[in-house]
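With mature numbering (1 follows the signal peptide of the UniProt record, and there is no 0) as the guide, the letters of the sequence shown map in order to residues -17 to -1, 1 to 69.
Calculated directly from the structure, the hints in this document are not laboratory data. Any given hint might turn out to be false.
Claimed, not checked - DSBU-like cross-link-like pairs, simulated, lysine-lysine; straight-line CA separation at most 30 Å:
#1 K20 to K47
#2 K44 to K26
#3 K15 to K26
#4 K47 to K26
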Amino acid sequence: MIPAAVLMMFFPQLAMAAQGQDLMASGNTTVKATFGKDSSVVKWVVLAEVLVGAVMYMMTKNVKFLAGFAIISVFIAVGMAVVGLK
């Protein structure tokens, strides 16, 4: 383990693959089509959250489950903006 760490310290370009190519770039359009802003996956996730929140509220009469919809929606929007899907 230590010899490998020493080699990586002396040859960081090999350890970090700075000169390599992005192997995931070809799937970028597929990911944006599947999970992007207008995709059906996001709509189904939000719909499922609304339904589960409504059912859980009816079962427990706890308002936190209704507020969960707004919180999840904000997390989805911020997360998609951070990863560049929006």
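Hints versus structure:
1. Straight-line distance between C-alpha atoms of K20 and K47 comes to about 26 Å, which keeps the hinted pair within the 30 Å bound.
2. Taking the CA atoms of K44 and K26, the gap is near 26 Å; set against the 30 Å cutoff, the hint holds.
3. Straight-line distance between C-alpha atoms of K15 and K26 comes to about 14 Å, which keeps the hinted pair within the 30 Å bound.
4. Between the alpha carbons of K47 and K26 the distance comes to roughly 22 Å, so the proposed pair stays at or under 30 Å and holds.
Of the numbered hints listed earlier, not one is contradicted by the structure.
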